[in-house]
Structures are given as structure tokens and as C-alpha cells.
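Position 105 of the sequence shown, counted from 1, bears residue number 105 in my numbering, the numbering being contiguous throughout.
Hints listed in this document are in silico derivations from the structure and should not be mistaken for laboratory results. Among the hints, a few may not be true.
[As the list claims (entries may be wrong)] So the derived label-pair ranges between C-beta atoms look like this:
hint, residue 1, residue 2, range
1, Lys142, Glu59, 33 to 39 Å
2, Asp109, Thr182, 36 to 42 Å
3, Ala44, Gln174, 30 to 36 Å
4, Glu167, Ile27, 19 to 25 Å
5, Phe112, Asn75, 19 to 25 Å
6, Ser146, Ser91, 44 to 50 Å
7, Asn147, Glu203, 37 to 43 Å
8, Asn54, Ser91, 16 to 22 Å
9, Pro30, Ala176, 28 to 34 Å
10, Asn2, Asp109, 31 to 37 Å
11, Asn85, Tyr161, 18 to 24 Å
12, Glu167, Lys13, 20 to 26 Å
13, Asn54, Lys142, 32 to 38 Å
[Unchecked claim] Distance condition first, Cα-Cα at most 16 Å in a straight line; then the derived EDC-like pairs of lysine to aspartate or glutamate:
hint, residue 1, residue 2
14, Lys119, Asp154
15, Lys142, Asp166
16, Lys149, Glu77
17, Lys40, Asp154
18, Lys74, Glu179
19, Lys149, Asp130
20, Lys41, Asp56
21, Lys13, Glu185
22, Lys125, Asp154
23, Lys38, Glu65
24, Lys93, Asp154
25, Lys18, Asp166
26, Lys40, Glu66
27, Lys38, Glu59
28, Lys149, Asp109
29, Lys108, Glu77
30, Lys81, Glu110
31, Lys119, Glu66
32, Lys156, Glu66
33, Lys175, Asp130
34, Lys149, Glu167
35, Lys40, Glu87
36, Lys74, Asp53
Bear in mind the structure is a predicted one, so any value in this text is a computation, not a measurement. The beta carbon of each residue, even a glycine, is placed where N, CA and C say it ideally should be.
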Amino acid sequence: MNNFSPNMLKTFKSCPIKYNFKYIKKISIPQKASTFEKGKKIHALANYYLRGDNIDKLEKALTSEEKQIWTNLKNNEYFNKSYVNSEYNISCKTGNYWIGGRLDALMKDEKFYYILDYKTGTIPKNPEYDFQTMVYLLSASKIYGSNLKFVYIDLKNNQNYIINFDENKQEEYQKAITEICTQIENAMLPEETEHFKACEFCEYKKICI
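The task is simple: from the sequences and hints, build the whole structure.
Here's what the structure looks like:
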């Protein structure tokens, strides 16, 4: 396997055994729909809105909490930049590996292109070096050059976290991505692992060694 998404890289980094269950053995464990329902609804609504579709019925179906989140997004300065594309698959080759993912939205002004990522939960602990940030910026730079910014839109707290992109970042990101992809390719899965706190919330804990 030499095609990797941000979630695949994050999963391997956090637990190679979980990566093996999910992406090698392809074992799917059902999860509660409510965990993802709010985020999916807002993402779909944003996509329809940006494309110019009629969203009146969808807006009426929102809960009061969802309405506030949607209002926060509609009023966000980056969401109101010029529209380029949304729910947009993007990929590139780094070394011997293909990486890619699906952008929530791509906007622009006279100076920059902006990759938007809406978060109804929390943004990553280290956004600048999160795999999603690195994969999306590297992939977009192959098409749009280095005049890029990544914007995490924290809808819960109505805040933005902006990451600038330049040649130094490009080199750092390429190195980091290539290293973990190589680790995955050469991985020898351990027979046992230390018990981490995160294991308590892992969907694979009942079948894990």
C-alpha cells in the first residue's frame, strides 16, 4: 500500500495495531452515529450553500445548537472569501508515496488560497504539524503554488487557527510525511503494546491483543 490519507497516518502514529485492524485487515467496528452526525450535517450544509443550492429546508431542520454553529460559519471572514471549490478531493506524490484527502472548502482572495477545515469539535493539539494540515497543504501546493494558508475554523468557540505555508514548511512536511509512510511500509507489528489511556475509548479494544 502506498496511498495514504491523513487519518491513516494519524492512526498509525497513535497505534500500529489499530492501523492493522482498520486498514490492513479492514475490520469495521460500528460506532454511534451521534458522534459524527452534527459535523456531517454542517459540512453538507456548507457545501450546498457554497455551491449556490437552496438550503432553506435544511436550515429549518437544524437544532438550536446547530443553528448557532451554522451562523458562526456563515459569518466567518474566511468562509466569505471568493469560492473556488468544496468537498474537493486532492492528492500528490511525495517520494514513493501518494497522499491526499478531501478539503472542506478552498477559497481565495487577491493574495492567497485558503484551505478551510470546519471543526464542530476540537482542533488538533498541534495544528501546524497535524497530518491533515501537512497532507492538504502539500497536495494543494502542487496545483496552486506556495501562496497558501490553512484555516481551522473552530465553530464551537467561534475562532480561527491560521497556518502559513512557505518553502521551509514544504521541506519539513515532505520529510515528516515520507518518514511515516516509510515506517508504515516497513512496519513489524508488535505482539503486545503498552496500555494507553486512549485504549479505553478505542473501538477495537475488545478484539485487541
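Handout entry: Cβ distance range 36 to 42 Å for aspartate 109 and threonine 182, holds or violated
Key = holds, 37 Å
Problem - Pairwise hint evaluation, glutamate 77 against lysine 149, where the allowed Cα distance is 16 Å at most - result: holds, 14 Å
Practice task
Quickly compare the C-alpha distance for lysine 74 and aspartate 53 to 16 Å and report which way the hint goes.
Solution key: Given that 16 Å is the threshold and the Cα spacing comes to 15 Å, the pair holds.
Exercise for the section: Quickly compare the C-alpha distance for lysine 93 and aspartate 154 to 16 Å and report which way the hint goes. Expected result: violated, 30 Å
Problem - Pairwise hint evaluation, aspartate 154 against lysine 40, where the allowed Cα distance is 16 Å at most - result: holds, 15 Å
Problem - 16 to 22 Å as the expected CB spacing between serine 91 and asparagine 54, which holds or is violated - result: Distance hint for asparagine 54, serine 91 is violated at roughly 32 Å.
Exercise for the section: Could you say whether the range 19 to 25 Å given as a hint is met by the Cβ separation of glutamate 167 and isoleucine 27? Expected result: About 41 Å separates the Cβ atoms of glutamate 167 and isoleucine 27, which means 19 to 25 Å is violated.
Exercise for the section: Would you mind confirming whether the straight-line C-alpha gap from lysine 108 to glutamate 77 stays at or under 16 Å? Expected result: holds, 11 Å
Practice task
Please work out if lysine 41 and aspartate 56 have their alpha carbons no farther apart than 16 Å.
Solution key: The given pair, whose Cα atoms are some 14 Å apart, holds under the 16 Å limit.
Handout entry: Verdict for phenylalanine 112, asparagine 75 (Cβ pair) under range 19 to 25 Å
Key = holds, 20 Å
Exercise for the section: Please work out if lysine 38 and glutamate 59 have their alpha carbons no farther apart than 16 Å. Expected result: holds, 13 Å
Exercise for the section: For the pair we were handed, lysine 156 and glutamate 66, check the Cα-Cα distance against 16 Å. Expected result: Roughly 10 Å between the alpha carbons, so the hint for lysine 156 and glutamate 66 holds.
The structure shown violates the earlier hints numbered 4, 6, 8, 18, 24, 25.
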